[in-house]
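*Asks:* These protein sequences, in sequence, are chains A and B.
Using our numbering, read the first sequence as starting at 1 and increasing by one per residue.
Using our numbering, read the second sequence as starting at 1 and increasing by one per residue.
Do not rely on the hints blindly, as some may be mistaken.
Pairs involving identical chains hold if they fit within one copy or between any two copies, as the list cannot separate such chains.
As the list claims (entries may be wrong) - Listed below are the simulated PhoX-like cross-link pairs for lysine-lysine, each with C-alpha atoms no more than 25 Å apart in a straight line:
#	residue 1	residue 2
1	K228	K152
2	K102	K233
3	K113	K13
4	K102	K178
Just so you know, the hints here were simulated from the structure itself, not pulled from any lab data.
In case you want the letters, here they are:
There are 2 protein chains.
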Amino acid sequence: MSDSLDIIEIAGKLKESLLKRELIIVIGLFEVYYEGRASSTLGLGERMLIIKSDHSILVHRPTGYEPVNWQPPNSKIDVKIVEGKLIIEARRTRPAEILTVKFLEVYHYSSFKLRDEAEFQMYATEEDMKKAILLSPSLIEEGFKPIEDERKIHPSGFIDIFGVDSSGRLTVIEIKRKNVTSEDIRQLVHYVESVERELGVRPRAIIVAPSIQKSATRKLTLYGVEFKCISPKKCLEILKKAKGLGLFTF
Amino acid sequence: MSDSLDIIEIAGKLKESLLKRELIIVIGLFEVYYEGRASSTLGLGERMLIIKSDHSILVHRPTGYEPVNWQPPNSKIDVKIVEGKLIIEARRTRPAEILTVKFLEVYHYSSFKLRDEAEFQMYATEEDMKKAILLSPSLIEEGFKPIEDERKIHPSGFIDIFGVDSSGRLTVIEIKRKNVTSEDIRQLVHYVESVERELGVRPRAIIVAPSIQKSATRKLTLYGVEFKCISPKKCLEILKKAKGLGLFTF
């Protein structure tokens, strides 16, 4: 990169965009210093600074999906020019920290007033669903107690959750995060038969999923399998409540 | 936002920039779908898509410092136009997942070939330094054994680490991530005196930090305090080795 913009002009635009609470993108040659709970320095390089409308701030290098530096919303952002460098400071008081970006060159500046009110919907994995059921076994039914998860089936396969119901009957649980198919039911019946061969009793079989195909519904009675409707979303809520998870941890 | 760019033209630019491994920024009105280990949908809204030179990909809404969707480097990225929409798909095979971005409108497109080879240096917090010492007590000296961290001092204060040395002598450790001052030494002596009042023996006192002020050095002998040079960087390396931490977890 080479063509450089006028730093005084950019400083003016920045102040204006910050006041208007726009999304701001600045590309240029800059250094970054962070001082707070920890501290960090990033030498001169060509990269991207993003300031969002809530005054959260991100520094992104040309590679890697994680920002190299960032500050959460409501940072106090100051813009100034010192010795020919454009300096952007983002401060927070609790914890006391300051992120300082020093531009030697600005190659690109743009700002946008964006409108985004869409809902973000996240659906859990089968692994998440299993964790939620192990955490709250009453999701299956009152009195259900898990004994084992990922129980090995001979010669092949794994039972998602193996447990006993309130009447003490062994129960095999298969979890799907999508529409149950006839093939899923056949697989569960195969697990049931393996358990019967191994332990001498035929267990109850429950398939857990948010929905089931019409053709598969007919197979339920035929094979003596029960369907329990549990959505991945519900499971995710249980996990979030239990762990206080942030989205980025998924 | 309103002024819309020609989608066919943008699709062409995108393909070219992807081949050239540029950093790409696209702002517009779009939906996002993710399907993989979990799944998510994000309805129509005005936001920012970033594709980096390593083909990692980020979707950022106008607020919040976390991306709403993202894919790590080396995603396989396809660009196409279907029913007048610009569609960008980022796929990975292990785990099998696909992120689909559907643009109804594009307001801004820019791409940059950036050069960023600077070193990122991160220095630990006092809390991190304490964790590293608890993990590797020989950082203090051979045979040092921590007994308690954050030991309450009456009437006020906390000892960072309370332990015994190889000769069985009680030891009080104070940790600083910066230059030790005379005031830090006075505080440590105050802790030592509290312990002496409480337990009837005067403990050894060690102040741990990367450096010490000249004036504070003189106080060391005066008050019988030892200085142990340990850098926050060294502590961070120990923690990283132990936990395989990513930067974003700090």
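*Asks:* Next step is simple, just say for each hint if it's right about the structure.
*Replies:* Each hint, compared with the structure:
1. For a Cα distance limit of 25 Å, the shortest separation of K228 from K152 inside one copy, 23 Å, qualifies, whereas the shortest one across copies, 52 Å, does not.
2. In this homomeric assembly, K102 and K233 come within 25 Å of each other (Cα to Cα) only across copies, at 24 Å, whereas the closest approach inside a single copy is 44 Å.
3. Proximity of K113 and K13 under a CA criterion of 25 Å is satisfied in both settings, with 14 Å inside one chain copy and 24 Å between copies.
4. Taking the shortest Cα distances, K102 and K178 sit within 25 Å of each other only across copies (23 Å), while inside one copy they are farther apart (50 Å).
The structure shown violates none of the earlier numbered hints.
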